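Novice: One-letter residues, chain by chain:
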Amino acid sequence: MNAAGSVLSAITYKVFVRRLFRMGNLKRARFGQFLRASGLFSRPRHLNHVSQANQHLPTKTSTRPDMEPSSRDRSIDITQLVNGSDLFDSAWYLNQYPDVAASGHHPLSHFLEHGWKEGRDPGPGFHATWYLHQYPDVAAAGVNPLVHYLVMGQAEGRLPTKLGRNVLPLDAYFASGLFDAKWYAKSNPDLGYSSEWDLLEHYLVYGWKESRNPSPLFYTHWYMTRYAHVLFEQYDPLTHYLRFGQKQNYLPAPVDVGRILDTVSQQYRDLKDLEPDLASQFSETDAQHLPISTKYIRGAMELCWNELFQRIPHLYQRIIFVPWLIRGGADLEAIYAMRAYIEQAGVQSVLMVATDSDRDDARDWLPDGAAFLSYDECLAAVNCQTPLSFEDRVHLTATLIHSLRPQAILNVNSRACWETIERYGTVLGQSSELNAALFCRDFDENGRSAGYSQTYFRPCLHHLSNVLFDNARFREELIQEFFVPERLQSRLQVVYQPWTTAPTKPVPRKQNPQTSRILWGARICRQKAPDILMEVVRRCPELEFDIHGVGDEAVRQPLKDFASQQPNARLLEPFADFGTLPHQQYCAFLHTARWEGLPNALLQAAGYGIPIVASDVGGISELVDDDTGWLIRDVENPSAYAEALRFIHNHPRIVEEKVANMLERIRQRHGWSNYLQQMGVPCPANSGGEL
Amino acid sequence: MTQPNITVVINGHREGLIAAPTIASAQRSAAFARDRGVSVEVMAVLDRPDELTIEVFRSGGIEPMFVDHGDPGMSRNSAVKLAQGQWIAFLDGDDLFGTSWLQEAYASSQSDQRNIIWHPEINLYFGGYPHIFHHMDMESKEFHLATIAVSNYWTALCFAPRELLLSCPYPTSNMKHQRGFEDWAWNMETIHRGWIHKVVPGTAHAIRIKTSTASVNRTATNNRCLWPRTELFLDIVQQRPLQQTHRDVKYTAFDDLPA
Chain A
4 MNAAGSVLSA ITYKVFVRRL FRMGNLKRAR FGQFLRASGL FSRPRHLNHV SQANQHLPTK
64 TSTRPDMEPS SRDRSIDITQ LVNGSDLFDS AWYLNQYPDV AASGHHPLSH FLEHGWKEGR
124 DPGPGFHATW YLHQYPDVAA AGVNPLVHYL VMGQAEGRLP TKLGRNVLPL DAYFASGLFD
184 AKWYAKSNPD LGYSSEWDLL EHYLVYGWKE SRNPSPLFYT HWYMTRYAHV LFEQYDPLTH
244 YLRFGQKQNY LPAPVDVGRI LDTVSQQYRD LKDLEPDLAS QFSETDAQHL PISTKYIRGA
304 MELCWNELFQ RIPHLYQRII FVPWLIRGGA DLEAIYAMRA YIEQAGVQSV LMVATDSDRD
364 DARDWLPDGA AFLSYDECLA AVNCQTPLSF EDRVHLTATL IHSLRPQAIL NVNSRACWET
424 IERYGTVLGQ SSELNAALFC RDFDENGRSA GYSQTYFRPC LHHLSNVLFD NARFREELIQ
484 EFFVPERLQS RLQVVYQPWT TAPTKPVPRK QNPQTSRILW GARICRQKAP DILMEVVRRC
544 PELEFDIHGV GDEAVRQPLK DFASQQPNAR LLEPFADFGT LPHQQYCAFL HTARWEGLPN
604 ALLQAAGYGI PIVASDVGGI SELVDDDTGW LIRDVENPSA YAEALRFIHN HPRIVEEKVA
664 NMLERIRQRH GWSNYLQQMG VPCPANSGGE L
Chain B
2 MTQPNITVVI NGHREGLIAA PTIASAQRSA AFARDRGVSV EVMAVLDRPD ELTIEVFRSG
62 GIEPMFVDHG DPGMSRNSAV KLAQGQWIAF LDGDDLFGTS WLQEAYASSQ SDQRNIIWHP
122 EINLYFGGYP HIFHHMDMES KEFHLATIAV SNYWTALCFA PRELLLSCPY PTSNMKHQRG
182 FEDWAWNMET IHRGWIHKVV PGTAHAIRIK TSTASVNRTA TNNRCLWPRT ELFLDIVQQR
242 PLQQTHRDVK YTAFDDLPA
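As you go down the protein sequences, you meet chains A and B in turn.
Take the position in the first sequence, starting the count at 1, then add 3; the result is the number in the working numbering.
Take the position in the second sequence, starting the count at 1, then add 1; the result is the number in the working numbering.
Bound conformation, chain A alone:
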């Protein structure tokens, strides 16, 4: 046996090293350095440690005079190398492979001679098949993967299993009692695993990330939340607890689960003779495996609510709900409403809450001192990795209104708030006036009518005190479409948006703008008809087009390609602020659209005295008509737009007239005081923003 083993080791080693060199990733000098540094091969043979249990095993030491000059006098023994590592486990090997046990082979000899070639693992800590699959260069070399790992792989940063290097020897998890394979399988029937090793591996690789518990005694999600300072990228929570946590008196669960289960057993025995449904449904043993629910563990919604509630410094008269706060038209309208309420009752009277997303890049639009809270920001503040579901957002919105009972709320495009009004409008409406804003209908990719006007207007109307429209056309459309009775029509209010921060007199424009620059600025999407825009650009080579817009890359890309080839078009980033544009240099503002409300960009352009060419859709005709601009009724006809732009370029006097008319319209209808009046806010004497 010894002799045979010695030959085996020598051959295995010779073949191994030859193949390693063939792999091309082993330099002689480097290999020598590694051997010296590793200490694995440097000890004299007589000092090699052999465990009592394996003293009968071959311990042949092979010197390699032909290999590496500096290592000639060094001894190496593959058998010793493998046997001395933590990764070979004789008992596990025999238990895992009964055919080997039955054959009478010594487990180590079997593994070195046959096992690794047959894809067998040397122990629970090394997954041979995975290693070869993960590192195809090793597989191609045809070497024993465990030997490769011990000699080279470990130093190269390769992993012994997909579990990584930080896991404990797998037996330790079972020994701790904190991984219960049977319980894990029963609690997670979706896994369909039967081997306890597979189940453990599942937990260590995936299960903890999915907040599954390894046993009733360890609460993964709670542990991660409670000890949020731990970097769980390096250690899964169970490994962290076993390695470090228990030494620092961390708790594996929020409650004493063992004691709870004792109580359950006792009560089960106590009551099973009284209630047959109890006894027939589960046994006392089953009762030990029942899931434990406890309010000690909080989900994303509870964590978010706690943080949100903590951040509320005082009661508010009004809450404005928005989906997010970005530089969009609806967001600006929410800001206007906030400013109006502040003028009425002070900055502490109103709170804005973003319900649907963490996007808040327009925070600088908030009036000075105004309060703004975001669900996602609250969740991030408590280091909760689980995102809020839509149901969570609805529940938070309902709870916020129900707990604080503001005098009124205004929903400006928050989906969570629309859903809240639909579900809980009856009870919430008893304490708070419920209001919402609608802008225009929307259409999906297939041209089907969509948007909140289609999904929530009808079920919510009877709960709403006011529905605010920024144009009259859309209001009329909904009244017609849904046969809104007269008694409810008074709830539908048109509130024309203000044009604020305007100069006190019309913007002086050059009599004849010495420019041929056209401004286009909107989201780049089907609604804004970029295809028509491109055709207009093609048809007006004498004009230059500055196209400002943001949109999904898929939609933006064709316009980008077009602009790069079209000498008279520039695709620019969206403007954060209309006021930063060189508006006096523009000959006209072009607005192409297939459907619309009354876009704020048009108001802005109008207020700056830029002549407007716009599609006749939605409420645009309430601002742009033949007296105040160029309304394109043949919306899909690029020539009509091109013609209007050329006319503007060539007829400065008529342009001046129309611009003057537009400024008068803005002054009369879109002034700040007019807005306050429409919002039911008394207009202060020194209210700013008037034209």
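Simulated from the structure, these hints should not be mistaken for lab results.
Since this is a predicted model, take the numbers as computed values, not measurements.
There could be a bad hint or two in this list.
Keeping only pairs whose Cα atoms sit at most 25 Å apart, straight-line, the calculated DSS-like set for lysine-lysine is [to be verified]:
| hint | chain 1 | residue 1 | chain 2 | residue 2 |
| --- | --- | --- | --- | --- |
| 1 | B | K142 | A | K250 |
| 2 | A | K185 | A | K120 |
| 3 | A | K185 | A | K212 |
| 4 | B | K211 | A | K275 |
| 5 | A | K120 | A | K189 |
| 6 | A | K212 | A | K275 |
Fit chain B to the given chain A structure using the hints.
Specialist: Using the frame of chain A, we list chain B on its own:
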């Protein structure tokens, strides 16, 4: 007649034979307590019951009182008025007390005489999806008051002084006006009045997971109810120091708006 230490109030409706183990568990828990020197009366309040349920209670040795509320909170309030005990222990007509519950709860109430409402530590849910619900103790460092706005901490089967229940009765449910979860609201209101909810270690109730027709709370959920009005959260916010400001909120002058 001396005042009993405890009155058990069983809330019944149309449980029929299902109520038998409930009655038996209440009687057994009462006997266990009596054996240890605690006096207990057991009464039942049946709200719009059927004939079978009435017969089952009578067979179990309890002459029930009848009410016509269609509201479990109101039924409990009515029963409390007639109850003689210093403490009231509520039990729903299809749930079970652990044998030691009454004696252990009473012992806890005597050893800690602050304003405390007591709950069992464990609820063993059976029928439907069986599971264990572990009650929170308000004096645990894991307790967060705000959470009760979004999640009820305790079942309705509490052990509370009759005086408290008379001065702070259960609120009315009104499904039509989307107001339900009377026990949840009562938990909040008692906290608002300065009472502490604690658990009695090692005690348990067995709770039958109700069918869709029998569960008041499920009806409340289906009717999209919220808990009845409470001043708890308004008062908490109003008591916050005025100088507190929002964290992480960036303020910018409104004049920076796009012009």
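Novice: Now look at each hint and say whether the structure bears it out.
Specialist: Cross-check of the supplied hints:
1. B:K142 <-> A:K250: 21 Å, holds
2. A:K185 <-> A:K120: Not OK: K185 of chain A and K120 of chain A at ~32 Å, beyond 25 Å, violated.
3. A:K185 <-> A:K212: At roughly 20 Å apart (the allowed maximum being 25 Å), K212 of chain A and K185 of chain A satisfy the hint.
4. B:K211 <-> A:K275: 18 Å, holds
5. A:K120 <-> A:K189: 35 Å, violated
6. A:K212 <-> A:K275: Judged against 25 Å, a Cα distance of about 37 Å means the pair is violated.
Violated hints, listed in ascending order, are 2, 5, 6; each of the other numbered hints is respected by the structure.
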